[in-house]
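Assembly of the complex is requested from the two constituent chains, each provided in isolation within its own frame, with the hints serving as guidance.
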Amino acid sequence: MSKTILEMRNITKTFPGVKALSDVNLDVQEGEIHAICGENGAGKSTLMKVLSGVYPHGSYEGHIVYKGEEQNFRSIRDSEHKGIVIIHQELALVPLLSIAENIFLGNEQAKNGVIDWDETRDGARKLLAMVGLSEDPDTLVTNIGLGKQQLVEIAKALSKQVQLLILDEPTASLSEKDSQALLDLLLEFKKQGITSIIISHKLNEISRVADRVTVIRDGRTIETMDTNDITEDRIITSMVGRSLEDRYPSREPKIGDVVLEVKNWSVYHPQHRERQVIKNIDINLRKGEVVGIAGLMGSGRTEFAMSLFGKSYGQKISGEVFKNGRKIDVANVGKAIANGIAYATEDRKNYGLNLIDHIKHNTTIANLAGISRWGVIDDLAELDVANDYRKKTNIRSSSVYQVTGNLSGGNQQKVVLSKWLYANPEVLILDEPTRGIDVGAKYEIYTIINQLAAQGKAILVISSEMPELLGITDRLYVMNEGRIVGEMPTSEASQEKIMRSIVRAEGKAS
Amino acid sequence: MTVHTAPTGTPADQAKSSELSFIGALRANMRDYGLLLALILIMLFFQYFTAGVLFKPVNLTNIILQNSYIIVMALGMLLVIVAGHIDLSVGSVSGFVGALAAMLMVGWKFPPELAFLAHPIVAGAICLLAGAAIGAAQGYLIAYHKIPSFIVTLAGMLIFKGLSLAILAGKSVGPFPTEFQLLSAGFIPDLIGPTTLPWLAENGQNVVLHTTTMVIAILAVVGSVFFSIRTRARRRARGYDVEPFSLFVVKNLVIAALVLFFAYMLASYRGLPNVLVVMGVLIAFFVFLTKRLTFGRRIYALGGNLKAAALSGVKTERTTFYIFAIMGALAALAGMIYAARLNSATPKAGQGLELDVIAAVFIGGASALGGVGQVAGAVIGAFIMGVMNNGMSIMGVNIDWQQMIKGVVLLAAVFFDLYNKNRSA
Ligand SMILES: Nc1ncnc2c1ncn2[C@@H]1O[C@H](COP(=O)(O)OP(=O)(O)OP(=O)(O)O)[C@@H](O)[C@H]1O
Ligand SMILES: [Mg+2]
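Just so you know, the sequences run in chain order A and H. Heads up, the final residue of the first sequence is numbered 510 in our numbering, and it's a clean run with no missing numbers. Heads up, the final residue of the second sequence is numbered 1425 in our numbering, and it's a clean run with no missing numbers.
Since the hints were made in silico from the structure, they are not lab data. Only a predicted model underlies this, so the values are computations on that prediction, with no experimental measurement involved. Don't take every hint at face value.
Said to hold, decoys possible - Here are the simulated lysine-lysine pairs, BS3-like style, with alpha carbons at most 27 Å apart:
1. A:Lys148 to H:Lys1307
2. A:Lys323 to H:Lys1315
3. A:Lys311 to H:Lys1315
4. A:Lys349 to A:Lys148
5. H:Lys1146 to A:Lys316
6. A:Lys349 to H:Lys1291
7. A:Lys349 to H:Lys1146
8. H:Lys1251 to H:Lys1291
9. A:Lys349 to A:Lys19
10. H:Lys1251 to A:Lys316
11. H:Lys1315 to H:Lys1171
12. H:Lys1171 to A:Lys391
13. A:Lys349 to H:Lys1315
14. A:Lys177 to A:Lys126
15. H:Lys1315 to A:Lys327
16. H:Lys1307 to A:Lys335
17. A:Lys311 to A:Lys335
18. H:Lys1348 to H:Lys1406
19. A:Lys349 to H:Lys1307
20. A:Lys177 to A:Lys391
21. A:Lys263 to A:Lys497
22. H:Lys1315 to A:Lys335
23. H:Lys1406 to A:Lys335
24. H:Lys1307 to A:Lys279
25. H:Lys1056 to H:Lys1251
26. A:Lys311 to H:Lys1146
27. A:Lys316 to H:Lys1307
28. H:Lys1307 to A:Lys311
29. H:Lys1251 to A:Lys335
In isolation and in its complexed conformation, chain H is listed as follows (with noise of 0.2 Å):
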């Protein structure tokens, strides 16, 4: 009997010595960044492809402002996807918020004594309420009724469909406030000033970097290096293995190298756009809930298997309704920040993105089945999906061939995610 086997630690742990191999490490690692290499190399592909345009800094940061939204559903519908479940309705929730948020501010003509209704951040609040309010609604008949999910959010999504045109008495509305306009078309202020680099001057122009941006960003690198640091310090220091230094090394490396990149690239258009912020820090929040919160670590247990889960103390119920409330909420934000953009509520707003997100995720590598999903997959899924449609674009490719490509890709992502499974089992 395996008495005496060392404690181990990692997955690519696999003979008894508790050195890793670098080249089993990288391989173990391989499957994680397989996605991220992926969206690395059909950003290559269309930069060729584009003369050059895809890398451009006003197009970069135009291709966060165009998936920002998709990307804010994509973390709830994460979720969602791995609790087992679906989400049919964010399309129409979001555009039903989107609405209600026009109304308020711009549509209806409150009395004075409500008028602060139609402020903005009031507004904002209101329009996440309901969003809430909507997806625990929707929640409260999935987990205690027993609805399918696939259903309650058809009808969800009809229903809010015909809401939004109803409210919107058919028309768009617009435009809104500047403040409210700022969520999606702001730029964070470049509180130091900017820094000029004369030596990287093109074409007699001088480049210009919003410094700001890359102090944040800086301060990024420097925080994850430190922390993943700490980290492999503290498993070493209880006796579990660690990845060989040389692959921590190139990792954190090669992590630091594409943020600054990216980081460089907004600097010198016009900094970090404040949709970005919103996003970047929601990103974070669902890393830490899906790998650290006891919450996320129900979710997947009850995607995995609903009947253990519940005989485990977790509260199946409780929990799914939840997960449909923060999805609600996500879906409020985007549909506000689609408005935001759009600078006006239009009754179409919103219809269809719901098969934008859920691609996304599977994209993503989350499983149909429920209990397998990263929040990490989620948000590259979307940039895979908005790069292409960005890199289409550029390219002249017409729309319906557009569909057909991403249809395509959609199978393929899951197609290999599948047989890369099949493989190692």
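Same shape as in the complex, but just chain A (with noise of 0.2 Å):
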């Protein structure tokens, strides 16, 4: 039996409307990885926050006893002196300093205020070797994927001599390979005696790494489950409080003449103007049809999309769009909204949301339109609408007053999805539609998509999880380096066959 590092005990918090935590406890070994699950909304984030002091001593109720003593964290700077590092679920990185100056933030190697840049560079070497980053330290941190910024990340929990190390959605926004390298990364910390904490919705990753799994409903502890008792099918039962038969809802597709069209698509780098990201892309949707686009990350999907929504990504945009077969312009944002497009984005806080205000406004936003006459909001119907939606996508909120900023980051993403579900569109681009949603919501979100391509919308589903893809989608395209490498029905479609395409192409390529 190896002994208990950390023991929080009857943890109750409350935020104004919402009793976030009620009593919950939670018991971590020395040296393993503990796991927390628990739907959007349970309280998972908010009890890591109070362990490591993001929400003072006093701000809630409660012990935590860390290494045998009692802890009243007031900072997160206490609790980084016991080493404990958060790495919370949006990345805290500042994009326009280097890697070597991001992961000494606010600990520089300096002498007397002065930075002494050697040592810098060097520990940060050290440090980035560690989590297995080969990259210059000079380099800027906006220049750099998520998945190596996400290692950035641990590379500065490192620097603070970390012993027990809390991730907040380390893998939400990574590739499969990348998340693959961080959860190693874990296990190889496991052997030096480091302690995690990893909080997840990919319960194929917890299954894997994690020693015990604590889950958390309604702000609750539910239970903790050992090494051996730790199945998928477990967790979401735990977690739901009921057991889920299948991932994704049966579809019965009624698919029917072309919806939207594109020819030609090209786009250029919106900096480098040499640099093509997008080359010469074909693509259709059918009325009722779900498409995906598979892809690893960096393929260029994002681009795409964003590109064809109003040119919001990009220059020297070119090519067609036919919408029913007659040609359309979708040059600005306006524009294609008008066409029917809708770009639901992956990005929800940096281009999601505005999160300094409520549910309301972020509902009806992209379609002002439809609760308004003569440019005259009509308060009550704007009410009604946010309240609608709010249900349909089951937002866990004390009310659509609620500022979204607040919110959890699963409830989030469901405000995306209910502004352009309500703005109405033909054709639907979700981008990441499911990033950081609980097994049970995902489920309802693509109920949704279902009930939308039944309705005759045509659905474009871009994906880093192949299993959703293959689950959810009639037709899948798969997207390489700009490029459209490959075209399949979905039924004919595997992960395997997948990769192929994307393989062969950058084969092609060099």
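Okay, here's the thing in structure tokens:
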């Protein structure tokens, strides 16, 4: 029996209007990887914020015993002094500083306030080696991908002599490969005696690395499972309170004529004029059809979708878009929306939501015409709409007046979805629609997608989770380095087949 | 999952029940009314320390006249700040437009066929258009060329400061035609005729009321009560929570009492000043704009998250452009009010006013980061500054102290706001 490193006892935390945690207990053993699972808004992030001092002692009830001593953290600094480091759901790196500067931010390698750059770079290099990242420490963070940024965060944690590492949905925006690398790293840390707590909605990852799993539902601890008991089904049952028969609702596609057709679409990088990001793409969508775009991170899927949606990405865009056989103009977002196209972003924080405003206003902003006449908004009609969509997408909040910045990550995602559902487009492009969403809610979102398709809408889903694409689409495009490199009916597709088209394309390119 | 939660309506709604507690609702409202309360407390404070001068009808009328141009500009500045911008040029632009008005009406000698340009109404219209054009020009650079508003309007401030000096040739120009002076110095006519209240006589002097003013105030109160009852009924009919009846009554009574009290004060002097009518209409319109018009909603959206707004189909550039054009027109109106009040245009008119205007908006709770701010807050913020100016002048506080105290109040107001927000987060 190893010894307990952390005990959280009867933690209760209330926000105005919601009790996020009530009497939660958590036990973590030294050197284990402990997973926390639960639905969106169950209180996972909140519990970790209590632990790391983001919510200071006194703002919650209950006790935290760490290494046998009761702790009253008043800030993140306090907990970091004890070796507890949290990496938040939304990364907190400064994009325009270098990797080295970010790693030592707030903890600068300095003598008398003067930064020692050699020390900083050497230190950074060592830490980067530990997390297996081969990048120049002087590279700006904005120039490296999300997966690498996540590793920089971990390097930063290591620089603080971490003993208990907390990762809140670390793999949500990572590719399959990057996720694997990160999980391997955690297993490596375990060998070195570092304890980790990981929050994730990707249950396959959890069953792979976790020693024990604690499930939280509605702000309460449901149970803690030991290694031998951990199975995905068991976790799901515990999370949602019932067993989930299927991960994907069944679909009976009724596919009609071509609604949207994109021909010869090319886009250049917004800063580097010569770099072609999207290369002569041709795709089409049919009425009632759910089409997926598979591909690795960085294959240009988001860039393609955003350039199509009112030229919101890139420059020197060329190509033609036809809707129901007629050429349409998508030169700006307004025109794209007017032509019945909608794009729900993968980046809810930067592109999706006005985080300082509440759910109601965020739900209606893309379709103000629907709740107004002569430019005058009908308050009550708007309230009806917001409540209606809150119910449809099952957003967990105190009311439609909750500020979206205070929602849990998954619920924020649902607000983005509500906004575009209300805009009632004919063609809906969903970019990573289930990122950070719990299994139960994923099922609900798939159901909504099916309903939309049944109403005759065309839906284009971009997703990095291949099982999801295989589970919900009718047809698949495979994209690689800005090109469509494969197309297949989903009934004939498999993960291997998709990977094969990618690899074949890479072989051709080089 | 919370499938069965009843549809909820108000932010105060916290519990599952659809009945709101009096205290809970009061607390939710306190945050909205805190600023108004602060204004009332400040007024009472000065009422005491000026030995009752502050609330004299003539002084209250004065406070309105003295602050009208600040409030007019604060309305536009609120939009600018909510959109995440700033306009440093409004003081100079208002001064320039005042100068333009003076030159049109008094300074320039037009040939007979162009003499109509000197007519106060024509000149006023030209001035408003000029202001809107100036704002539009600045807005064009800010919105479409992405030059930071701080820089564009800083340049504008210097340019229009110089231009007013130039067109006035360094001299004061006045007086204005009487029709134009009425903008600031006039009162609405008493169409009904005065009412004498002998039983309220003081020192043997009867209280004579400007009856039309009282009638307008009573109509306004009745109208506002009618609309709040209707709104409440509609919400209830749709099954949404409403505030407790007791609080609803108290709130309406307090507001009605305040309005009637001030109307009574004004009526016992010379009635409603013309400029208050102009202000009242503008304030009502801007409240409507920010709360109900899609245009207003888009301003908050783009101030809160520009990229998300753009990706939701908000025409962020065009909206920003319009905001600055509106600001320019309001600065022009303020410039005319200011000039009419002084009855001459001076080269230094308007200088530094932008700071008072910006301060009023921030005291009123707007966020420097954009996306947050209310018209009512900006108006009350302007009155807080105005009452302090007035009260301290009456008390004989030196101008140097006045400046410092106003600075401290600005800081305190913003600090208090942030503290409140953090506590509730
Ligand atoms: N600052 C806040 N103010 C008000 N409510 C909040 C605040 N932060 C969180 N909440 C509420 O607390 C609850 C728990 O949120 P939390 O972020 O811990 O969920 P989570 O389990 O991490 O969900 P997810 O899987 O979606 O990330 C939610 O209902 C959320 O709306
Ligand atoms: Mg979370």
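Structure-based check of all given hints:
Distance restraint check for lysine 148 (chain A) and lysine 1307 (chain H): the Cα-Cα separation of roughly 25 Å lies within the 27 Å cut-off, and the hinted pair is therefore satisfied. Of the supplied pair hints, the one linking lysine 323 (chain A) and lysine 1315 (chain H) holds, its CA atoms being roughly 23 Å apart against a limit of 27 Å. For the hint linking lysine 311 (chain A) to lysine 1315 (chain H), the alpha-carbon distance of about 13 Å falls within 27 Å, and the restraint holds. For the hint pairing lysine 349 (chain A) with lysine 148 (chain A), the CA-to-CA distance comes to about 19 Å; that is within 27 Å, so the pair holds.
The hinted pair formed by lysine 1146 (chain H) and lysine 316 (chain A) meets the criterion: a straight-line CA distance of about 20 Å does not exceed 27 Å. Distance check on the hinted pair: lysine 349 (chain A) and lysine 1291 (chain H) sit about 25 Å apart at the alpha-carbon level, within 27 Å; holds. About 23 Å separates the Cα atoms of lysine 349 (chain A) and lysine 1146 (chain H), which keeps this hinted pair within 27 Å; it holds. For the hint pairing lysine 1251 (chain H) with lysine 1291 (chain H), the CA-to-CA distance comes to about 20 Å; that is within 27 Å, so the pair holds.
At roughly 24 Å between alpha-carbon atoms, lysine 349 (chain A) and lysine 19 (chain A) fall within 27 Å of each other, so this suggested pair holds. The hinted pair formed by lysine 1251 (chain H) and lysine 316 (chain A) fails the criterion: a straight-line CA distance of about 58 Å is larger than 27 Å. For the hint linking lysine 1315 (chain H) to lysine 1171 (chain H), the alpha-carbon distance of about 44 Å lies beyond 27 Å, and the restraint is violated. Simply put, lysine 1171 (chain H) and lysine 391 (chain A) have alpha-carbon atoms about 67 Å apart, too far for the 27 Å limit, and the pair is violated.
Between lysine 349 (chain A) and lysine 1315 (chain H) the CA atoms are separated by roughly 20 Å; this keeps the pair inside 27 Å, and the hint holds. Taking the CA atoms of lysine 177 (chain A) and lysine 126 (chain A), the gap is about 23 Å. The hint holds against a cut of 27 Å. Of the supplied pair hints, the one linking lysine 1315 (chain H) and lysine 327 (chain A) holds, its CA atoms being roughly 23 Å apart against a limit of 27 Å. With a CA separation close to 17 Å, the supplied pair lysine 1307 (chain H) and lysine 335 (chain A) stays within the 27 Å bound.
This hinted pair checks out: lysine 311 (chain A) and lysine 335 (chain A) have alpha carbons roughly 10 Å apart, not beyond 27 Å. Restraint check: the Cα-Cα separation between lysine 1348 (chain H) and lysine 1406 (chain H) comes to about 22 Å, which is no more than 27 Å; the hinted pair holds. Distance restraint check for lysine 349 (chain A) and lysine 1307 (chain H): the Cα-Cα separation of roughly 10 Å lies within the 27 Å cut-off, and the hinted pair is therefore satisfied. Only pairs whose Cα atoms come within 27 Å are accepted, and lysine 177 (chain A) paired with lysine 391 (chain A) is rejected, the gap being roughly 36 Å.
Between the alpha carbons of lysine 263 (chain A) and lysine 497 (chain A) the distance comes to roughly 25 Å, so the proposed pair stays at or under 27 Å and holds. A distance of roughly 11 Å separates the Cα atoms of lysine 1315 (chain H) and lysine 335 (chain A); the hinted pair therefore holds under the 27 Å criterion. Taking the CA atoms of lysine 1406 (chain H) and lysine 335 (chain A), the gap is near 48 Å; set against the 27 Å cutoff, the hint is violated. Restraint check for lysine 1307 (chain H) and lysine 279 (chain A): satisfied, since their Cα atoms lie roughly 25 Å apart, inside the 27 Å limit.
Annotation: proposed proximity of lysine 1056 (chain H) to lysine 1251 (chain H) holds, straight-line Cα distance about 26 Å (limit 27 Å). For a cut-off of 27 Å, the pair hint linking lysine 311 (chain A) to lysine 1146 (chain H) stands: about 18 Å separates their Cα positions. Of the pairs offered as hints, the one joining lysine 316 (chain A) and lysine 1307 (chain H) holds, with about 20 Å between alpha carbons and a cut-off of 27 Å not exceeded. Under the criterion of a C-alpha separation no larger than 27 Å, the hint pairing lysine 1307 (chain H) with lysine 311 (chain A) is consistent with the structure, at around 13 Å.
Between lysine 1251 (chain H) and lysine 335 (chain A) the alpha-carbon distance is near 45 Å, which puts this suggested pair outside the 27 Å criterion.
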